[in-house]
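**Q** Work out the full structure, taking the sequences as your base and the hints as a guide.
Chains as they are written, first to last, in this note's numbering: chain C, 1 to 568; chain H, 569 to 696.
Treat the hints with caution; some may be incorrect.
Claimed, not checked - Listed below are several chain H residues computed to face chain C (Cβ distance under 8 Å; list not exhaustive):
1. L631
2. P632
3. L642
Just so you know, these hints were derived from the structure itself, not from any lab.
Don't be surprised by glycine CBs; every beta carbon is placed ideally from N, CA and C.
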Amino acid sequence: MNSVEVVAGKHRVDEVPPSNRFAMVPWILLAVAAGFFLYGITTVRGAEITEYGLLATASPFFGLSIVLTAVAFGVAVRRNNIYAAVAGTALMVIAQRLVCSVATDSPMYSWTYKHLGVVDYIQHEHELARGVDIYNGWPGLFALTAWISDLSGIPAPSLAHWFTIVFQFFFVLLAYAVARAWGSTHMIAVTAAFLVASLNWVAQDYFSPQAIAMLFTAGVMMFVGMSGKRGVGAPLIILFFAAMVITHQLTPYWVLGAIGLMVITRRLRPWWIIFPLAVIVLSQTGYNFSEVDNFTLFSSDITQNAKSNIPTVGSVGQQFTSLAVRLLSGGVWLLTGICLLWRWRRKEPFWVFGILSLSPMLILGGQGYGGEAIFRVFLYSLLGCSIVLAGPAVRTLQAGMIKFSLVSIALVTSTALSAQGYLGAWFANIMPKEQVDASESVLEQADFPAYLTVAAPVWPQRSTWRYVSYAKFDEGFDDPMIYSANLVGSNFDTDEDYEKFTQAINYRSDASTYLIFTEQMRLYAWYFGILPLDALPNLKARVEKDPAWTPVYDDQGFAVFQHRVEQR
Amino acid sequence: MNDPSTTTDQVAPEFLAAVAVAMGLVGLVGSIPVLPGPLLLICIGLFMFAGPGSLIMSWFTRLPVFAIFASIPLAGLAICILVVSLLLTVGFYSPATILIGLSLLTVIGGFLRRHSLERALRESYEQR
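**A** Spelled out as structure tokens, the structure:
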């Protein structure tokens with residue numbers, strides 16, 4: 001039997017008889033962690049803004065709850081207490097993700113609102129805005145959300161606000177099922193699920209097509225894991241894949257590539273499954289080719305593909321967070337590689353596990369995905385790496401005290417790094433409710449056609465159905481001004497910088513420009529090194545003095561100015 | 569990789585077919601607009617995550633239990649995404665009509681599935 005459990009040797013790793021002593025220890029630790037969390041989360045809303053993120057400025061009990069949960073999990077595994085291990089996994093999901101819903105007034109991340117705008121358009125117009133943007137070519141999540149929102153009367157932003165925690169629970173449950181499908185025992189599968197819950201720093205679990213695609217990826221990989229000697233659930237693989245294809249652009253190509261590698265190396269049955277999957281994904285891409293042909297479809301420049309979409313050097317806090325996630329990602333991949341090598345040396349199955357865990361890196365050999373490929377690589381590899389690492393982790397946690405201590409330290413450290421990765425940019429990514437409302441007002445009240453220009457990222461742009469009209473007028477109607485005018489890094493404390501800015505505005509002779517400033521933009525731009533902290537206040541001060549600009553609104557942390565162009 | 573071969577049903581297909589019928593009826597309740605929003609959301613959620621998926625998985629009951637119960641909500645989600653998206657792509661969007669249609673198909677499918685299973689069981693008894 002080619003299962004992870006046999007690797008242990010004479011007996012299954014989860015059959016170590018637990019001692020009755022200290023039986024309650026994992027439960028006590030979990031209870032304390034839960035108590036820490038319940039107190040710590042109450043301090044999040046009032047936490048002071050800092051470049052080091054939420055863990056640095058919320059109550060220490062908040063961060064301790066996450067770390068202590070990891071400790072409790074390790075103890076639960078050592079004591080072979082599967083119920084405590086399951087509870088620890090659930091608590092880790094809650095401790096790391098519930099904060100996104102209960103400590104904010106509106107969904108996080110500016111790009112969430114681009115998705116909500118598509119949903120709103122479907123609800124308003126009962127059709128897709130084909131040709132406007134790439135989202136309307138892959139409508140899976142947006143159509144489903146519009147449908148649920150219209151049926152229930154629950155606004156789509158409310159659904160999006162709670163998306164993260166619901167998704168994470170669902171994904172972690174699926175991770176357990178995938179691990180079981182790939183031969184893991186109950187305890188090893190729970191450990192794999194815990195690793196997925198605790199190490200997912202990528203933050204693609206917001207209201208996004210990527211998140212839904214990951215659910216279907218888990219479903220596909222579950223049946224792939226059961227399809228070694230004979231095909232299992234081929235119709236379900238096709239069903240899950242089809243839903244994935246209509247939801248997200250990149251994920252199906254990785255899944256197809258991974259399945260293709262397994263088929264070619266005769267590790268997967270039935271071999272013909274590759275054909276219907278290829279037909280489905282290529283048909284969808286072909287049908288929407290006009291949406292993707294302006295992107296680089298294939299690039300073999302691995303270095304370029306690996307770069308993130310924020311090319312600037314951020315604040316010290318951002319660099320710290322970036323270092324944390326690089327250490328974590330590198331560590332996970334390195335350990336996974338070592339485990340695979342160990343399996344190969346012991347003549348145990350390693351090839352398919354290697355494909356599942358490390359094949360996402362092949363994406364970097366073909367696509368940059370707009371500077372986001374590097375994030376997707378870790379996200380896609382997380383499931384496979386967790387499964388590969390879970391067996392040795394359980395075995396070592398249940399071994400001697402030294403090994404247990406070392407693995408516990410590694411578990412706690414990696415969990416802490418992941419939490420920092422996920423929450424480090426907290427203050428840059430929260431979207432205050434007043435700005436969300438302002439975004440909707442600007443779209444509604446601006447004189448159409450117009451450029452609704454944000455001075456710098458971020459802003460809840462394209463948040464309502466009205467964005468489609470603007471996008472049809474000019475697809476870059478809301479591009480950040482500092483990018484349009486090539487002013488990244490400017491402090492706007494010189495006439496020269498302001499002149500470049502003015503020239504970029506004057507170039508727009510076909511419509512008025514509404515220029516938007518928010519405190520959130522100032523913070524985000526500074527955090528990611530896009531602009532100095534004083535840049536936007538300096539620019540705003542110059543705009544206020546410039547008679548070419550008319551103030552439209554200035555209150556509650558955001559301001560709007562209009563540069564009027566008379567329509568001929 | 570793990571071979572899940574089993575020769576017996578890990579979950580009774582009749583049970584899943586009955587769940588499909590029940591959840592289909594819950595889905596129909598979810599199409600009544602005068603009900604409170606949170607109740608509608610629960611009904612729609614129950615239907616989506618337990619209705620079509622239970623019907624589909626009633627044909628795959630020889631899989632391991634974890635695979636069956638993991639696939640039920642996922643299959644339901646996939647069906648709803650595909651139906652709503654594909655209809656929208658061809659220009660049709662009527663939320664209530666789609667939900668009623670899916671719910672009725674699930675209810676009818678569940679009844680037919682149960683009926684065929686019971687008939688197969690009856691025939692196997694008669695042959696003994």
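**Q** State for each hint whether it applies.
**A** Outcome of the hint check:
1. L631: With Cβ-Cβ at 7 Å, under 8 Å, it holds.
2. P632: holds (7 Å)
3. L642: Holds: closest Cβ of chain C sits about 4 Å from L642 of chain H, inside 8 Å.
The earlier numbered hints are all upheld by this structure, with none contradicted.
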